[in-house]
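Please work from the sequences and hints to get the whole structure.
With full-length UniProt numbering applied, the sequence shown corresponds to residues 1 to 814, in that order.
Derived from the structure by calculation, the hints contain no laboratory data.
Some hints here could point you the wrong way.
What the hints assert, rightly or not - DSS-like, lysine-lysine: derived pairs with alpha carbons at most 30 Å apart:
| hint | residue 1 | residue 2 |
| --- | --- | --- |
| 1 | Lys533 | Lys792 |
| 2 | Lys775 | Lys792 |
| 3 | Lys798 | Lys775 |
| 4 | Lys358 | Lys533 |
| 5 | Lys642 | Lys693 |
As the list claims (entries may be wrong) - Pairwise CB distance ranges, derived in the manner of DEER restraints:
| hint | residue 1 | residue 2 | range |
| --- | --- | --- | --- |
| 6 | Asp662 | Leu95 | 24 to 30 Å |
| 7 | His110 | Leu84 | 29 to 35 Å |
| 8 | Gln115 | Ser547 | 39 to 45 Å |
| 9 | Asn83 | Thr607 | 57 to 63 Å |
This structure is a prediction, so every number in the text was calculated from the model and none was measured.
Every residue, glycine too, gets a C-beta built ideally from N, C-alpha and C.
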Amino acid sequence: MENDKDFSWLAKLQGAVAQDGNVLVCAQNEPLSGLLGLTACIRREPGKSRTSPVLTFNGRPFAGGQNIRLLFLPDPAPEFDINLPFYRDQLEKNLAMNVWKDGQWGTYRHLLLQQGRLAEVRHCYLNTLVRGDLSSLAWIEGPIGAGRLADPDETLVYVSGRNGGVADVHGLIYYASLNFRDVMVASGRINIDHITRDRREQECVQGFEFSGRTRSGRRVCGLHRNGACGSLLEADTFLIYDIPDSWSLEEAATVPVVYGTAYYGLIQVWWWCGLKCLNPHTAGPNERQLDHPGPLRHWRCGTSRHSARPWYGLHCLYHSGNRREAGVPEEVVPPTHRLFPVHPDGRIFSSRDINFEKSVMAATKGRGVDCVLNSLAEEKLLASVRCLARGGRFVEIGKFDLASDNELQLLLLSKEASFHGEWPGETFELEQLCLRKLAPDVHGDQPKKTKTFAIFSLEAQISALYHVKVSMSNQHQECLTLDALFHCVPADKRELCQFLANGIKSGIIRPLNRTIFQMDQAEEAFRYMASGKHTGKVLIQIRKEESELMAVPSAVPFLAHPRYFCDSDRSYIICGGLGGFGLELADWLCLRGCRRLILTSRTGLKTGYQAYRISMWKSYGCAVEVSTEDITTPAGCLGLIKAAQRLGPVHAIFNLAVVLSDCILANQTEESFRVSFAPKACATKYLDEVSRKLCPELKDFVIFSSVSCGRGNAGQSNYGMSNSVMERICERRRSDGLPALAIEWGAIADDLKSIPHQATLAEAGMDSMTAVEIKQTLEREFEVFLTAADIKGMTFAKLAEIQAERDADSSTGK
Numbered sequence: 001m002e003n004d005k006d007f008s009w010l011a012k013l014q015g016a017v018a019q020d021g022n023v024l025v026c027a028q029n030e031p032l033s034g035l036l037g038l039t040a041c042i043r044r045e046p047g048k049s050r051t052s053p054v055l056t057f058n059g060r061p062f063a064g065g066q067n068i069r070l071l072f073l074p075d076p077a078p079e080f081d082i083n084l085p086f087y088r089d090q091l092e093k094n095l096a097m098n099v100w101k102d103g104q105w106g107t108y109r110h111l112l113l114q115q116g117r118l119a120e121v122r123h124c125y126l127n128t129l130v131r132g133d134l135s136s137l138a139w140i141e142g143p144i145g146a147g148r149l150a151d152p153d154e155t156l157v158y159v160s161g162r163n164g165g166v167a168d169v170h171g172l173i174y175y176a177s178l179n180f181r182d183v184m185v186a187s188g189r190i191n192i193d194h195i196t197r198d199r200r201e202q203e204c205v206q207g208f209e210f211s212g213r214t215r216s217g218r219r220v221c222g223l224h225r226n227g228a229c230g231s232l233l234e235a236d237t238f239l240i241y242d243i244p245d246s247w248s249l250e251e252a253a254t255v256p257v258v259y260g261t262a263y264y265g266l267i268q269v270w271w272w273c274g275l276k277c278l279n280p281h282t283a284g285p286n287e288r289q290l291d292h293p294g295p296l297r298h299w300r301c302g303t304s305r306h307s308a309r310p311w312y313g314l315h316c317l318y319h320s321g322n323r324r325e326a327g328v329p330e331e332v333v334p335p336t337h338r339l340f341p342v343h344p345d346g347r348i349f350s351s352r353d354i355n356f357e358k359s360v361m362a363a364t365k366g367r368g369v370d371c372v373l374n375s376l377a378e379e380k381l382l383a384s385v386r387c388l389a390r391g392g393r394f395v396e397i398g399k400f401d402l403a404s405d406n407e408l409q410l411l412l413l414s415k416e417a418s419f420h421g422e423w424p425g426e427t428f429e430l431e432q433l434c435l436r437k438l439a440p441d442v443h444g445d446q447p448k449k450t451k452t453f454a455i456f457s458l459e460a461q462i463s464a465l466y467h468v469k470v471s472m473s474n475q476h477q478e479c480l481t482l483d484a485l486f487h488c489v490p491a492d493k494r495e496l497c498q499f500l501a502n503g504i505k506s507g508i509i510r511p512l513n514r515t516i517f518q519m520d521q522a523e524e525a526f527r528y529m530a531s532g533k534h535t536g537k538v539l540i541q542i543r544k545e546e547s548e549l550m551a552v553p554s555a556v557p558f559l560a561h562p563r564y565f566c567d568s569d570r571s572y573i574i575c576g577g578l579g580g581f582g583l584e585l586a587d588w589l590c591l592r593g594c595r596r597l598i599l600t601s602r603t604g605l606k607t608g609y610q611a612y613r614i615s616m617w618k619s620y621g622c623a624v625e626v627s628t629e630d631i632t633t634p635a636g637c638l639g640l641i642k643a644a645q646r647l648g649p650v651h652a653i654f655n656l657a658v659v660l661s662d663c664i665l666a667n668q669t670e671e672s673f674r675v676s677f678a679p680k681a682c683a684t685k686y687l688d689e690v691s692r693k694l695c696p697e698l699k700d701f702v703i704f705s706s707v708s709c710g711r712g713n714a715g716q717s718n719y720g721m722s723n724s725v726m727e728r729i730c731e732r733r734r735s736d737g738l739p740a741l742a743i744e745w746g747a748i749a750d751d752l753k754s755i756p757h758q759a760t761l762a763e764a765g766m767d768s769m770t771a772v773e774i775k776q777t778l779e780r781e782f783e784v785f786l787t788a789a790d791i792k793g794m795t796f797a798k799l800a801e802i803q804a805e806r807d808a809d810s811s812t813g814k
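Below you can see the structure in the form of structure tokens.
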């Protein structure tokens, strides 16, 4: 048998298989033959030897495919003669598939892919492989300088700066600080949508505080919107700060978020709220504040504010998440008191439970406080609200209760209080995020007859501290989020930079206590921080610091899980790119850096959904073209490659095109084989030939095959054969030293990914909007009421079971 265009052998094969006897098919000197896939599918078809209904061919019972055998001879071998010992001895083994390759008889088998394979990379970042599972924390290959290290000693390549920064600021991270936000996201308590709505950044969100060196050797520390828990960083010039010579990189990593939070919380927030008494120029000697750093932060953020308050002449009351500090014995809680002076009338209360409410009310003689800066959650948050005086302000910098939509409004209304916090789900334009000194409102203008108190539940590492004013439902809302600072104008960033620089110079800003973990202890670091047993900052050491103050960092390879990234200067071709699977692949490429994409389709854009997806990719900065070239012809493939080259050198070709014409072998025709072959076998052959000539920089040649080819599937003999031809083309390319990969996908229904039924919705990548839709559907259609946690742990098997139960009830009339 040969692969020819008229498939003249088909009728002969149908007649032979219809007989109740053994059938031997042989392909000799045809290395691109698709008989492997054809035979695998025929052997799956039923016949009279099976218990299934008897099929007929030309009025006679169809014997089925179990009696078919294959001889596949891609390498040189003697002319086929069944009487030759070379063939007779092999056929006597009664094997279904017999392949002569590389000088020996064998067959094809499916083997498990190697799991946990690591690669040496320049840039790696920390993230969970399974959302919400801390045990799956792993170092993953990052996009900066994408490409693995061939030589560990080669010079690092740095990319240009962002946000108006200069290229020289990019460098290596030595210490990455963990923050409470990182723990909440990694453990799944905060959905990643509440950190960033940009899907391109959602894979690399852990860490936004670091210390390290630039490529010129400068020692710096600073802030970054995400991805600071990694080995390299594309830093923002305006949010990095030089480290004093007397500090180590380890010490410097404890400073930026903590003191940045203190600055905005202590000065800017209260100035916005109209509390002019906290202006450093007008602060009086009798002003007081009540401070507690939250349940998992202990004293470290409090310490940064402790140092600032004597600067402004304030009398302070404190809350600590550390019970030992609340006891105040000098030998037990020296860190805060040794590092920073505290006013004689200052008090420290424990925020580990809600008993601090009684202490606060007693300290204020039942009045309560005028301002609460809070990051406590659930019942402790409500206790903080109850500490407010009438007309007070509640400033929420945590995300958990806002993201969980926990009720709070009635408590605030009963105190005539106003709420200030990051409003989940709202998106603000860049100009809205500019720093504003808002005029004092009615509360700020009213004279205070008593002293002003403020309660701080200031989580140093939680997203907080930048001010945006919005109006919703006639309620006064002011949104505070440190995340917004990363998108602000340089002048606002310089203001924070100047504060830190002045504080360091004057000695007010000092390093905090810290606990150090190594890279291979990432899970332990997160669990240690989540347990609340730490005092000070938790750091992960990425590199060892050099002894010299100025030292150009050398390239160090890191072992990380490999990850595919695109080259933004090169083009990518997806044949069949407007189908359901093609759209998902295109989206996958765009999220990994593709900026030049060409999609092929026989009919072009047909639906609004296709146009929507393309417009979304264009908003990412990706140039997308739709080609209607006929890839089933050599001229069409040539035109497609040339069109892609106008966008940039072709880096990858993906062939997803498919046309199904399924039926059992007895009902197949030459035309049904031609229809199936055209977009797969023929297109792949022409793409191979053209790319060899015109694409010298091609790195990936990927075809989407099917399990129907490898394991067989009844009724898809033409489809299995065409996929098998593509796999043989890939084999030939690999033997010629060219890139090629064939992926045998499983069954995919309704253009959805093939996902194990026991996988949870969270493992499948369910976002917050999907969870809400599933919850509403279960309540509306099935009268099943579940919590958000139940939805997260729901499996596809359980959903199918719920559906089956309803169908059964419907059939019985229940």
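### Query
Quick check: which numbered hints come out false for this structure?
The structure conflicts with no hint, since it agrees with every one listed earlier.
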